[in-house]
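Visitor: Listed in order, the protein sequences are those of chains A and X. Quick note: the first sequence uses the working numbering, first residue 1, plus one each step. Quick note: the second sequence uses the working numbering, first residue 427, plus one each step.
Keep in mind that a hint or two might mislead.
[Unchecked claim] Each computed EDC-like pair below joins lysine to aspartate or glutamate, with the alpha-carbon atoms no more than 20 Å apart:
| id | chain 1 | residue 1 | chain 2 | residue 2 |
| --- | --- | --- | --- | --- |
| 1 | X | K480 | X | D543 |
| 2 | A | K328 | X | E460 |
| 3 | X | K508 | X | E487 |
| 4 | A | K323 | X | E460 |
I should point out that these hints are in silico values taken from the structure, not numbers from a laboratory.
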Amino acid sequence: MLDAIKSYLGSNVTPGEAGSVLWATIYVLLITIGVSLAVIAMNWLERKILAHMQIRLGPMRVGPHGLLQPFADALKLLIKEDVIPEGADKIVFWIAPVFVMMTAFTVFIVVPFGRTSAVTDMNIGILFMLGVSSLGVLGVIMGGWASNSHYPLMGALRSGAQMVSYEIAMGLAIISAVLMTSLASGTGTLSMIGIVQAQADQHRWFIFEMFPLGLMAFVVFAIAMVAETNRAPFDLPEAESELVAGFMTEYSGFRWSLFFLAEYAAMLAVSSIAVTLWLGGWLRPFPNWLSGPAWDLAFSFVPGLTFLGLAAMCFLGTVRMPKIPQFKIQTVGLGAFGALLALVGLLLLVPGVRERSQDVFWFVAKVACFMYLYIWYRGTFPRYRFDQLMRVGWKVLLPVSLGILIVTAIVGVRQELWAALTGVAR
Amino acid sequence: MSLQPLLRKVFLVDLIKGMGVTFRNQSEEQRVTEQYPLERPEIFERFRGQPRLKVNPDSGESLCIVCNLCALACPEQLIVVKGERNPVTKRKYPVSWTYDLSRCMFCGLCAEACSTDALELTQDYEMALYSREGMVLDQAALERGQEPVRYAK
């Protein structure tokens with residue numbers, strides 16, 4: 001048993017490549033749990049960071065610094081009455097949240113958390129991600145239509161229009177990054193792992209490739225992905241002040257929480273696309289500037305030290321807790337949470353675990369930056385009007401991304417093009 | 427469009443500035459809310475809240491001499507004081523006091539008019555009640571001071 005685990009872990013391939021159903025199942029379970037945990041953490045972080053940006057405290061009562069608030073909310077949602085509106089199309093109403101959540105979670109099959117930490121290395125990985133995640137629109141429209149109510153219908157219409165129009169700019173930006181994979185080797189790839197390895201081979205993340213071009217494509221994608229996931233400032237489908245909650249208006253309890261889960265899973269998915277395509281996936285930062293085995297070793301300590309730093313922040317928080325008897329349980333809880341983080345940090349410093357978990361850490365850290373950006377946008381920008389949204393999508397992002405694609409293609413084959421032109425002239 | 431506004435728009439200068447503002451707001455010093463029942467706000471010195479009748483700490487008798495100046499000063503006429511004279515000390519003492527908090531606008535004229543500084547408007551602010559009847563304070567309630575209603579199962 002132990003030998004089987006060891007021989008697999010030593011083989012350095014994904015379960016899909018190894019053809020191991022057992023390991024694939026384990027990975028799928030791990031990723032499902034991980035994504036769910038990330039959504040829970042994201043729920044808490046969003047409330048806290050948003051509150052701090054609005055000069056508030058955020059949740060403070062349930063657990064130390066409101067750490068248990070997401071669990072309390074989940075419990076509340078689970079025991080809530082499940083209302084199905086009269087005249088609703090029941091079957092479609094039931095299927096819609098499941099559909100949205102399934103599409104949001106399926107894309108994680110090809111997300112490369114590390115060279116070996118992906119369920120499979122699909123050779124059309126990025127295409128698969130785009131295809132499956134865009135099916136989510138269908139679920140949204142199903143939910144809006146089946147509710148038999150004005151607001152959900154309006155929200156679903158907006159959502160459909162928005163997601164479809166931003167998908168084009170997003171797709172074009174992605175193609176320009178995919179073109180870049182062929183620069184060094186001559187053959188491009190659509191595989192998520194292949195894209196990251198192309199960046200490793202070229203010793204350059206694609207955000208810095210052909211200098212402003214990669215960056216511009218990345219910016220276009222970064223804007224389009226916010227619109228794609230219906231987040232502020234592009235959250236028109238669920239604009240509270242206009243549409244109550246958009247397509248989710250008639251949903252309550254567990255079904256609503258499925259929509260919620262799907263929304264955050266989709267955010268994670270598009271962020272991991274951005275990280276994979278432009279920010280070097282699981283590669284550590286500064287591979288050229290700080291290269292060599294010594295730096296490799298130093299960077300392998302970063303994950304553990306990060307967790308230890310978080311633990312230190314928790315312990316600092318226990319010291320800074322108000323010295324009132326009512327806060328005693330919370331102080332102890334925060335200390336326990338800090339101890340847990342410290343334990344994880346120490347575990348990540350163990351040599352075997354260190355090498356294995358490094359790439360996952362860097363990938364997750366990069367995705368976490370995007371998650372922070374999502375919250376930051378929400379705390380800063382007011383919502384777009386619908387015509388402004390469409391104008392940005394069709395009249396700015398689409399031409400820009402098309403231009404980037406053409407220029408990238410031309411610059412990529414500049415030597416062949418030059419040779420052909422001079423050959424013709426001769 | 428002239429060049430500068432165009433560049434501002436293309437490089438999203440204003441949006442980034444706005445993000446800077448929200449980022450700076452995250453610091454602990456900026457925070458304006460507190461965890462109310464456990465952490466209490468600092469009340470300003472001149473804040474006028476719950477009325478209170480002072481008692482001589484040594485003898486335990488009320489400082490009020492039933493001069494009726496507060497009742498006369500009150501624009502809402504919500505203070506009614508009745509008193510009797512102590513035959514020995516020749517000093518008047520209150521027999522019944524009513525202070526109708528539900529009509530009070532906390533102008534503080536009664537406290538200003540008080541000749542012995544017996545009546546004052548304190549900095550206590552937790553005056554919410556479940557019924558209107560509790561808002562009419564008698565002498566004992568005025569001397570006890572604030573008693574916030576607590577939630578109980």
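Visitor: If a hint holds in the structure, say so; if it does not, say that too.
Guide: A quick look at each hint next to the structure:
1. X:K480 <-> X:D543: OK: X:K480 and X:D543 at ~8 Å, within 20 Å.
2. A:K328 <-> X:E460: Holds, at about 18 Å.
3. X:K508 <-> X:E487: Given that 20 Å is the threshold and the Cα spacing comes to 16 Å, the pair holds.
4. A:K323 <-> X:E460: Roughly 15 Å between the alpha carbons, so the hint for A:K323 and X:E460 holds.
When held up to the earlier numbered hints, the structure conflicts with none and fits them all.
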